[in-house]
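Peer 1: Given next are the chains, with one letter for each unit.
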Amino acid sequence: MVKEELKTEYMTINMGPQHPSTHGVIRFVIKTDGEIIHHCEPDVGYLHRSIEKIAELMPWQSFIPYTDRVDYVAAMNANWSYCMAVEKLAGIEVPERAEYLRVIVSELNRISSHLVAIGAADMDMGAYTPFIHALRERESINDLLELICGARLTYNYMSLGGVRFDAPPLFKEKTLAFLDHFEPVHEQIHRLISDNHIFQKRFRKVAVVSADMAKKYNLVGPNLRGSGVKFDVRKDEPYSIYDQLDFDVPVGKGFEGVVGDCYDRYIVRAEEIRQSVRIIRQCFDKMPEGDIAAKVKRVLKPPAGHIYVRTETPRGDAGYFISCDGKTSPERVKIRTGSFTAMSIIPELAKGLFIADLVAVIGSFDIVAPELDR
Amino acid sequence: MGLGNYFKDIKAGLTSAFEGMSISLASLFVRPVTVQYPDVDVKSDEAMRENYNGPLRGMPDNYRGLLDVDLEICISCKLCEKACPIDCILIEDVKIDKKQIVGRNGKSTMKMKSPIQFDIDNSKCMFCGLCVDPCPTGAIVHTNEFEFNRSDRSQLISRFVKADDRAQLKVRGAEIAIEDAKAKAEKAAKKKAEAEAKAKEEEEASKDQSEAKGTKE
Amino acid sequence: MDILIQTIGDIINADLGSPLAAFIALLLVSLAILGFMSLTAGGLSFIERRVAGRMQSRIGPNRVGPQGILQFMADGLKCAQKEDLIPDGADRLLFKLAPVLCFIGVFGTFAVLPWGNGFFASELNVGLLYLMSVTSLVVIGMLMAGWSSNNKWSLLGGMRSAAQMVSYEIPVALSLLPVILLCGSLSFKELIGAQGAMPWDWNILNSPFTFISFFIFFLAALAEGNRTPFDIPEGESELVAGYCTEYSGLRFVFFFFAEWANLYVIGAVAAAVFLGGGHLPFGLESDIVSLLVFFAKSFFMVFIIIWLRWTLPRFRVDQMMTLCWKTLIPLSFVMLFGQAITLLIYHELTFLQSIVSLVLFAICVLVGVKFVSRVLVNIKEQKYKMMHTLTGS
Ligand code: SF4
Ligand code: SF4
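Residue numbers (this note's numbering), protein chains in the order written: chain A, 25 to 398; chain B, 478 to 694; chain C, 83 to 475.
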């Protein structure tokens, strides 16, 4: 009789580029033993549009609409990072009212972005209703942003030296009314899903990122804070008027789980939404009258040199490096985004997880494909 | 797993599901937020007030929809063409009879040229509004038109100059060009004549001088 | 429909001499059931989508027919027109067989399902047992579908469904046992007959043990029917569409047909076994009324299933197994023994039963009141109270 040996081998599965829970077009090549992942290799670049290269062909102002496309879930913040970099480079003073408007729209945008992040994580866990409830609230924020800048997603609201439109009449009232409505509903969404026992079981103690590991992999933003590291560019290297505003930096405390698990990253976002609401209210209290934009020459020629500016976008510390040779367009623009670093940690985390957990991990890191690939 | 944990698990599961179900049932009784778009005229304030509870009513004033150009006041300075990041504006122009126009912003300007071709490729346009900002007369503006499904890609290009207008402008432009050329030639001839006259005078003057010198000597 | 079944049932019972006549009669019964099943499945698909829509603050399908009620027909027609794709490398025979098996598994259960108090397509004295055995055909169908599609996601889905349904059959059966113990029969007719009209006469409120058994049954039946929070074999966000990833056209419809019909089956079994069938108090009971009452109860259960689906997230594969083997099965054993002991006690102290039932009923009412108050609070929170005073764009 021929002695047959039982032979087993890993199954290679392509998760993506067309997969419901990869939030865009990302591909993971996973080797699994049944449901358990042994090896996971992210494959990025499906959404690469060479935005950084396009910048080199553009006059300084004309690149702003492209930054909308870097991270279309939080386009205001991307706008702002770029504008701030160029303003610093060219030495443009931004009027105070413009700064306040910028903070308001960016924080509104941060709320909407986090709502998407939370909702998408819920949907990955199979709960559709909280996702749609979150998007329902986001719709109102889109309305507000449309009121102020005329577009719902790719805002192109900021210009070098300020913002392009002043707040329309009733904008303040409408925003405050919305916040009054939003706060309890936001809590309700969390009662619906974040407190749900099944959901917590799916997220707690899964894919734990320790503080050391988070720093080693250079995680940023809520992902870093989820690991218990209290770092927020708005607080630690304040730009614009953030030093005059009063807000807390939430960190993951291991809410009944381990510090740095998926649930921490998730709940930090929820807490940040509450802080953003606080910031917006303060801004409306303090906002002065005045100009909304500094005068900037149409053909801008900043002095030669380079600059690196970091801002706190919803997906973390976004860095814009601009090198300028004194011409009418940048010599080189390099954009550093939070999703990319988050992506690099996934292979290590994925080992030994279930396929269903990988979905949770992607959801909890809030990876947005266009920001990842640019 | 201890027995305590076991019951805690069950209890947590039940209570959280209890609360969750009360919330999803609650939304069953709250009016849906959907606006039935083609049925409801989303541009109108009243229709939206009846059908939608969000912060937005109708269209905001600065809504960035399809672009529209008022050719009457466009002075064909091509600033918009230059500002557009993706070159979706194409302008060609001819000279016209000069006239004074008043822009949307109230400033009056002398209009000397007029476009004979002003095309905006809406399939490329990203409605960023960068072309609107530099326009000196406010000729190019966003409308609140957002429905631009067309059956053909070529229909997506808005051509603002009408064919017969273009023909007229072209003819007139050519005439003006000839007139201009004539005027220029005349001017040049005049200038030349003047210059010649001047040169002659100078020559004569220098001659006179030298003669005067000669007499002195 | 009920009249039809009744008359045909009568014909069969009145021993028809010729086998042909009996065959025709059987065929007619099955056709009637098929018709009912398709209508229910279609109607449920519509109801589910509308309810889901409203729970998510949207409207749901409302374009085809009045209020979109014909949507399921439009969908069915659309699917029928689709190309019937069989992936390259698929096991063609199994691939074609799988949806049929799933369908048969659910269709078979309708043979014993009660329709009100008096109507049965066939009155089997082992009705419950038959029902549970027939539904296990569905597992085979899903496993087949997953295996034969030659797609790794399908395979994972198929394996998951096999693991899930095989495990959850145990708690389903175990949680039905206390009731069987109580009524001493497996036949639906007697199970229904043993219950009374008022809520405290229902099996569910007989003792705390049947009460908990009901929840175990309900959860395990959800898992059997692949419904959230146990929709792991389909797990849209994980496995694309699980075992039916590669299916298109009518075959795909068959799967969903089976799923929605299964919903009704769960509801009907729960209504018949635990919720008192079609009884109505105050002498209002008649055959037709009992039919309506029974439908109302079944569809209420179905509504709860739908409602749960649009509330809860889904379990992970291992948690689902843990829940089954470490929570539900031990618990249902405890319930079984508890019920056995309770029966002994009730036998001695007959008055105790009505007291326990009434207390349980009171608890239910209290929980219901609490629930309604929570719902009211949530409605108030969710309502837009904002922009009515602010006008202008
Ligand atoms: S809106 Fe932007 S993209 Fe469109 S034509 Fe104007 S500048 Fe170009
Ligand atoms: S910038 Fe205004 S005036 Fe100049 S060409 Fe464009 S539309 Fe005409």
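Careful, some of the hints might be misleading.
[Said to hold, decoys possible] With a straight-line Cα cutoff of 20 Å, these simulated EDC-like cross-link-like pairs (lysine to aspartate or glutamate) come out: (1) K575(B) with E678(B); (2) K240(A) with E65(A); (3) K319(A) with D486(B); (4) K462(C) with E295(A); (5) K321(A) with D610(B); (6) K572(B) with E624(B); (7) K234(C) with E318(C); (8) K590(B) with E558(B); (9) K277(A) with E261(A); (10) K229(A) with E318(C); (11) K465(C) with E527(B); (12) K259(A) with D270(A); (13) K520(B) with D57(A); (14) K462(C) with D545(B); (15) K408(C) with D486(B); (16) K375(A) with E163(A); (17) K55(A) with D67(A); (18) K485(B) with D57(A); (19) K239(A) with E261(A); (20) K520(B) with E29(A); (21) K375(A) with E430(C); (22) K575(B) with E656(B); (23) K325(A) with D610(B); (24) K234(C) with D167(A); (25) K590(B) with D642(B); (26) K465(C) with E65(A); (27) K462(C) with E261(A); (28) K321(A) with E527(B).
[Unchecked claim] Now the stretches of chain A that chain C is said to cover, found in silico as 3 or more residues with beta-carbon under 8 Å: (29) 85-95; (30) 283-292; (31) 379-391.
Bear in mind the hints are in silico, worked out from the structure with no lab data behind them.
Just so it is clear, the structure is predicted and the values come from calculations on it, not from any experiment.
Where a beta carbon is used, it is the ideal one built from N, C-alpha and C, also for glycine.
Peer 1: Work down the list of hints and note, for each, if the structure agrees.
Peer 2: Each hint, compared with the structure:
1. Note on K575(B) and E678(B): the hinted pairing is violated, with a Cα-Cα distance of about 38 Å set against a maximum of 20 Å.
2. Simply put, K240(A) and E65(A) have alpha-carbon atoms about 19 Å apart, close enough for the 20 Å limit, and the pair holds.
3. Only pairs whose Cα atoms come within 20 Å are accepted, and K319(A) paired with D486(B) is rejected, the gap being roughly 62 Å.
4. About 23 Å separates the Cα atoms of K462(C) and E295(A), which puts this hinted pair outside 20 Å; it is violated.
5. With a C-alpha separation of about 13 Å, the suggested pair K321(A) and D610(B) falls inside the 20 Å cut-off, and the hint holds.
6. Restraint check: the Cα-Cα separation between K572(B) and E624(B) comes to about 35 Å, which exceeds 20 Å; the hinted pair is violated.
7. A distance of roughly 14 Å separates the Cα atoms of K234(C) and E318(C); the hinted pair therefore holds under the 20 Å criterion.
8. Restraint check: the Cα-Cα separation between K590(B) and E558(B) comes to about 15 Å, which is no more than 20 Å; the hinted pair holds.
9. Between K277(A) and E261(A), the direct Cα distance comes to roughly 23 Å. Violation of the 20 Å bound is thereby established for this hinted pair.
10. Between K229(A) and E318(C), the direct Cα distance comes to roughly 23 Å. Violation of the 20 Å bound is thereby established for this hinted pair.
11. The straight-line distance between the Cα atoms of K465(C) and E527(B) is roughly 15 Å, inside the 20 Å bound, and the hint therefore holds.
12. Distance restraint check for K259(A) and D270(A): the Cα-Cα separation of roughly 10 Å lies within the 20 Å cut-off, and the hinted pair is therefore satisfied.
13. Simply put, K520(B) and D57(A) have alpha-carbon atoms about 55 Å apart, too far for the 20 Å limit, and the pair is violated.
14. In summary, the hint linking K462(C) to D545(B) is not supported, as the alpha carbons are separated by about 45 Å, beyond the 20 Å threshold.
15. Taking the CA atoms of K408(C) and D486(B), the gap is about 12 Å. The hint holds against a cut of 20 Å.
16. Between the alpha carbons of K375(A) and E163(A) the distance comes to roughly 37 Å, so the proposed pair goes past 20 Å and is violated.
17. A distance of roughly 14 Å separates the Cα atoms of K55(A) and D67(A); the hinted pair therefore holds under the 20 Å criterion.
18. The hinted pair formed by K485(B) and D57(A) fails the criterion: a straight-line CA distance of about 33 Å is larger than 20 Å.
19. Restraint check: the Cα-Cα separation between K239(A) and E261(A) comes to about 17 Å, which is no more than 20 Å; the hinted pair holds.
20. Of the supplied pair hints, the one linking K520(B) and E29(A) is violated, its CA atoms being roughly 72 Å apart against a limit of 20 Å.
21. For the given pair, K375(A) sits about 60 Å from E430(C) by alpha-carbon distance, which is inconsistent with the 20 Å threshold.
22. Taken as a hint, the K575(B) and E656(B) pair is honoured in the structure, with Cα atoms around 13 Å apart against an allowance of 20 Å.
23. Simply put, K325(A) and D610(B) have alpha-carbon atoms about 19 Å apart, close enough for the 20 Å limit, and the pair holds.
24. The hinted pair formed by K234(C) and D167(A) fails the criterion: a straight-line CA distance of about 43 Å is larger than 20 Å.
25. For a cut-off of 20 Å, the pair hint linking K590(B) to D642(B) stands: about 14 Å separates their Cα positions.
26. With a C-alpha separation of about 45 Å, the suggested pairing of K465(C) with E65(A) is violated against the 20 Å cut-off.
27. Among the hinted pairs, K462(C) with E261(A) is inconsistent with the structure: their alpha-carbon atoms are about 42 Å apart, more than 20 Å.
28. Annotation: proposed proximity of K321(A) to E527(B) is violated, straight-line Cα distance about 46 Å (limit 20 Å).
29. Evaluation of the coverage hint for the stretch 85-95 of chain A: breached, as 0 residues show C-beta separations to chain C shorter than 8 Å, against a requirement of three.
30. Interface restraint, the stretch 283-292 of chain A with chain C: violated (0 residues with C-beta to C-beta distance below 8 Å; minimum three).
31. With 4 residues having a Cβ less than 8 Å from any Cβ of chain C, the stretch 379-391 of chain A passes the three-residue criterion, so the hint holds.
The structure fails to meet hints 1, 3, 4, 6, 9, 10, 13, 14, 16, 18, 20, 21, 24, 26, 27, 28, 29, 30 from the earlier list, while all remaining hints are met.
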